[in-house]
Amino acid sequence: MKKSNLFSSCKVLVTFFLIAFTLAPILLSSHPWPNEGRDYLFENASNETGASNSVSAIYLGYRAMDTLGETLVLLVSITGTMTILVGLVKKEKSDSPNTFLLTRDKRKSNQLRTHLLEVVSGKLGPIVLLFGFYVMLYGHISPGGGFQGGVILASGIVFLALGNQSEKETKLNNPIVLARIEGFSFLALILASTSGMLMGKGFFGNPLSHISANFIILLNIIIGLKVGTSIASMCIAMMGRSHDD
Amino acid sequence: MMIERTLIFMIFLVGFWAIIANKHIIKKIFGLNIINAAVVLLFILEGSRIGTQAPLLDMQVTNIVDPIPQALMLTAIVISVCVSALALALSVRLFKATGSFDIDVIQERLSHEQ
Amino acid sequence: MNSSNLMFTPIVLPLLGSALILMVKSFSSRKGRIIAEYMGSAIGLLLPLASLFVLYPVVREQGFLQQVVGSWDPSIGIMYRFDGLSFLMILLSQLISIPAWIYSRGRGPKENTFTALFLIQNASIAAISMCSDLFNLFVCLEVMGMTAYVLIASSKKNAAAFASFSYLLFSSTAMVFFLVGTYGLYRITGSLSYAGITTMIPEPNLMSSVCLVLITVSVLLRVAIMPLSFWLVPAHSKAPHAVSAMLSSVLLKIPLFSLVRILSLVSIGSDIGLVVSYAGAFTALFAVLLALSQKDAKQLLAYHSISQIGYITAAWGMALHAGVTSKTGAFLLSVAFFHALYHAMFKALLFLSVGTTTDYANQRNVYILRGANAQLRTSGEKVPITMLCYFVGALSITAIPPFNGFFSKTLLTYALKETMQYTLLTLAGVGTLASFIKLSRIYLPAKPTGQEETKPFPKSIHIALSVLALFCIAGGVFAPQVFNFIKELLASHPEQEQLSFKFFTSSNLLKVLYTSLGGIVLFILAVSKTGTKLLSLLKNLPRSFSDAFFGFAVSIAILVYVLL
Chain A
1 MKKSNLFSSC KVLVTFFLIA FTLAPILLSS HPWPNEGRDY LFENASNETG ASNSVSAIYL
61 GYRAMDTLGE TLVLLVSITG TMTILVGLVK KEKSDSPNTF LLTRDKRKSN QLRTHLLEVV
121 SGKLGPIVLL FGFYVMLYGH ISPGGGFQGG VILASGIVFL ALGNQSEKET KLNNPIVLAR
181 IEGFSFLALI LASTSGMLMG KGFFGNPLSH ISANFIILLN IIIGLKVGTS IASMCIAMMG
241 RSHDD
Chain B
246 MMIERTLIFM IFLVGFWAII ANKHIIKKIF GLNIINAAVV LLFILEGSRI GTQAPLLDMQ
306 VTNIVDPIPQ ALMLTAIVIS VCVSALALAL SVRLFKATGS FDIDVIQERL SHEQ
Chain C
360 MNSSNLMFTP IVLPLLGSAL ILMVKSFSSR KGRIIAEYMG SAIGLLLPLA SLFVLYPVVR
420 EQGFLQQVVG SWDPSIGIMY RFDGLSFLMI LLSQLISIPA WIYSRGRGPK ENTFTALFLI
480 QNASIAAISM CSDLFNLFVC LEVMGMTAYV LIASSKKNAA AFASFSYLLF SSTAMVFFLV
540 GTYGLYRITG SLSYAGITTM IPEPNLMSSV CLVLITVSVL LRVAIMPLSF WLVPAHSKAP
600 HAVSAMLSSV LLKIPLFSLV RILSLVSIGS DIGLVVSYAG AFTALFAVLL ALSQKDAKQL
660 LAYHSISQIG YITAAWGMAL HAGVTSKTGA FLLSVAFFHA LYHAMFKALL FLSVGTTTDY
720 ANQRNVYILR GANAQLRTSG EKVPITMLCY FVGALSITAI PPFNGFFSKT LLTYALKETM
780 QYTLLTLAGV GTLASFIKLS RIYLPAKPTG QEETKPFPKS IHIALSVLAL FCIAGGVFAP
840 QVFNFIKELL ASHPEQEQLS FKFFTSSNLL KVLYTSLGGI VLFILAVSKT GTKLLSLLKN
900 LPRSFSDAFF GFAVSIAILV YVLL
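Chains as they are written, first to last, in our numbering: chain A, 1 to 245; chain B, 246 to 359; chain C, 360 to 923.
Treat the hints loosely; a few may be bogus.
Chain B stretches covered by chain C per the calculated footprint, using a threshold of three residues with CB under 8 Å from any CB of chain C [stated by the list, open to error]:
no.	stretch
1	246 to 255
2	268 to 280
3	286 to 300
4	314 to 327
If you're looking for bench data, these hints aren't it; they were derived computationally from the structure. Beta carbons: idealized from backbone N, C-alpha and C, even for Gly.
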């Protein structure tokens with residue numbers, strides 16, 4: 001046993017040093033950073049895409065295919081995580097007195113948790129939602145955009161779900177409604193990306209470029225809704241409520 | 246200049262060490278997060294060397310930083326978060342199935358289950 | 360819609376299908392969902408074949424179609440290029456996805472998100488085949504990998520969760536190294552597209568070579584040549600059968616051929632190709648020996664996947680070494696793809712048929728399981744289609760004429776004549792035959808143990824298996840025509856001569872005879888006392904998780920050392 005331990009720790013050390021020596025010339029290099037990209041974008045980003053935030057202009061305009069791939073990674077990952085977690089949560093007992101499946105007056109508080117959480121987060125929920133929409137819609141002018149706004153939307157929905165204090169709850173906590181918005185926005189994203197093709201501008205081209213250059217706002221809204229609702233439905237599934245088939 | 250790159254290199258090596266040497270699954274996943282964070286920092290830090298102002302083109306900016314690494318890293322951050330989420334869900338499932346977080350113990354218990 | 364817009368349809372159509380499925384899933388009842396699934400998969404799996412059909416004449420006459428996504432300036436946008444290689448890769452993935460999906464209707468994962476994820480995987484495969492941009496390759500490889508992790512973990516077994524976890528960890532770490540390589544190349548050249556990178560590397564210096572090595576090894580990890588193949592056996596053997604078929608047949612080959620685009624444009628690509636080719640030949644032999652020692656049927660097939668991908672990589676490496684635009688290089692690349700296509704067909708057939716058999720017989724151990732056909736008959740199968748299709752697949756992989764494996768393996772070993780790879784690959788052929796004799800023993804007659812089942816055997820299994828078996832037979836009968844088709848799409852000089860290689864010469868047939876005799880001898884040796892002892896030594900080689908990264912580091916080190 002000791003010999004195999006020595007052997008495996010030797011292998012680990014050899015791996016570590018090989019990788020360190022191989023990566024050192026790349027990570028520590030001081031080659032001058034190229035500025036062709038920066039110069040091109042400085043001249044043209046605002047005119048061609050209508051966004052003055054040049055980072056948004058890149059990832060929703062010039063390199064929109066990367067954003068499509070990123071949205072797909074998010075979709076697949078959330079689907080997989082939800083399938084795994086819902087299978088596990090169902091197996092647990094869902095009749096403990098602290099579970100989120102019950103409303104506030106039926107839940108017992110104990111010394112580990114009080115009702116402070118629900119009171120505060122319930123009141124903050126709509127404000128966070130508003131902030132999320134702001135970040136999403138202003139993503140082409142100031143730092144922000146679809147992904148950032150979407151994640152804030154998701155946390156707003158989680159606040160509302162945590163702060164739910166009565167039997168009536170907002171439709172946004174209903175996993176079915178969230179799944180419908182998510183399905184719609186994914187379909188809308190695919191249709192928006194192909195609409196450029198029909199207008200002769202190529203895949204992901206701006207179909208309305210003669211009216212305005214602001215295709216980015218539409219893409220921001222769609223991506224924000226998609227990301228927000230999918231992350232929110234995963235969090236709500238972790239709280240015990242899931243979209244029962 | 247060099248000191249920042251060296252520090253990022255060390256963060257990278259720390260994360261890599263966690264992935265290869267540590268036996269606890271959750272620490273391996275955190276090692277993956279650390280490596281991703283190191284690469285993100287590297288891209289953005291080095292891209293900011295050629296300018297001094299944020300890449301928002303409305304005010305009278307003259308010398309913006311390179312916006313391309315920032316856009317690439319937005320994508321990379323989202324992908325790394327998604328991978329970590331899936332990995333953590335899988336580790337919860339493995340824990341419920343075998344009762345341990347140590348990767349050698351898990352491998353042994355699962356092979357005995359067959 | 361002109362043809363350069365049509366080139367994006369293999370990406371858009373599967374995504375459209377999966378979006379439809381996901382939307383209908385949240386709205387309507389069970390019946391609506393089933394209709395939506397069939398419609399979505401028709402859009403996503405059948406319509407791309409139609410668009411490939413329309414694009415074929417365009418690719419033949421123009422050579423390639425190139426477009427920047429969104430029609431922006433090429434220096435800043437993402438370039439997509441559809442040429443003969445993309446056509447073949449998308450054709451390969453569609454030809455295997457359709458039977459795999461049909462199989463899954465009968466026996467496969469019954470989750471309602473399976474089809475949507477399957478279609479997203481197809482879309483990502485189409486995107487990888489066409490992209491000419493380094494960061495976009497990273498994103499599309501991550502999409503493909505993510506769908507693979509989730510599909511593997513959809514099996515209810517706990518070992519599948521571990522297989523998915525180790526594949527995930529290993530592959531995501533490799534992708535971080537890919538990002539470091541991209542960082543280095545962007546720093547030197549200021550561009551992320553292949554054309555931009557290769558025009559701006561002045562001459563091979565240390566940093567650009569190391570970056571290219573990092574990118575190559577990270578992508579080759581998904582191709583699973585040794586020493587990078589620790590993740591493959593658990594992942595392919597524990598996944599659901601339709602997913603295993605897709606993984607072994609398609610997902611191992613697409614990253615390999617996507618590397619051709621970048622490595623053929625840089626000068627160190629030929630050195631990398633030579634080293635990888637030797638690694639491939641060693642993999643072919645070593646994996647077959649490991650396969651001989653396995654007792655689980657699907658693990659045996661998984662080791663054979665590694666071995667066959669070693670064959671393909673050996674030819675691919677030599678193609679890069681000779682230069683893909685030269686005559687020998689184009690020939691070798693066509694041979695590599697020829698074997699990749701035929702391997703995809705018979706490996707999918709083997710996984711699906713062996714999977715069905717072990718499911719209905721409730722036993723995966725090849726030493727214990729006997730009389731599988733009788734088990735299948737008591738489970739409701741009237742005509743022994745599963746056993747027949749298994750034998751078609753087994754005869755194909757062991758290269759017996761007139762099935763398709765004979766043609767592709769003979770051509771491949773001929774193309775690599777007089778090199779060390781030739782001997783290694785021939786020996787591997789002997790080993791393949793021995794281990795398939797071992798696997799086929801499960802069909803030896805024995806008494807069935809179960810009750811007579813009155814449930815009807817799912818028709819979709821029979822349809823899927825028959826389609827794949829038909830592909831194998833047709834591939835064998837029409838082999839010269841198929842090879843010429845491939846060669847014309849991959850060569851840059853379309854007026855090259857037709858294949859003058861004769862398949863049915865006496866020397867080839869004698870070789871088949873010798874290989875078969877050698878295989879039988881090896882099998883007898885392997886089941887003898889000393890043979891079993893030696894093989895169990897091999898099987899129980901301790902293999903811990905950190906060995907995977909050791910192999911990764913060693914392969915990077917070897918390549919860097921060779922290039923300097």
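Against the structure, the hints come out as follows:
1. Taking a C-beta to C-beta cut-off of 8 Å, the stretch 246 to 255 of chain B contributes 0 residues in contact with chain C, too few for the three needed, and the coverage statement is violated.
2. For the stretch 268 to 280 of chain B, the stated coverage by chain C is satisfied: 5 residues place a CB nearer than 8 Å to a CB of that chain, which reaches the threshold of 3.
3. Counting residues of the stretch 286 to 300 of chain B whose CB falls under 8 Å from any CB of chain C gives 3; the rule of at least 3 is met.
4. Proximity of the stretch 314 to 327 of chain B to chain C, defined as three or more residues with a beta carbon under 8 Å from a beta carbon of that chain, is established by the 7 residues found.
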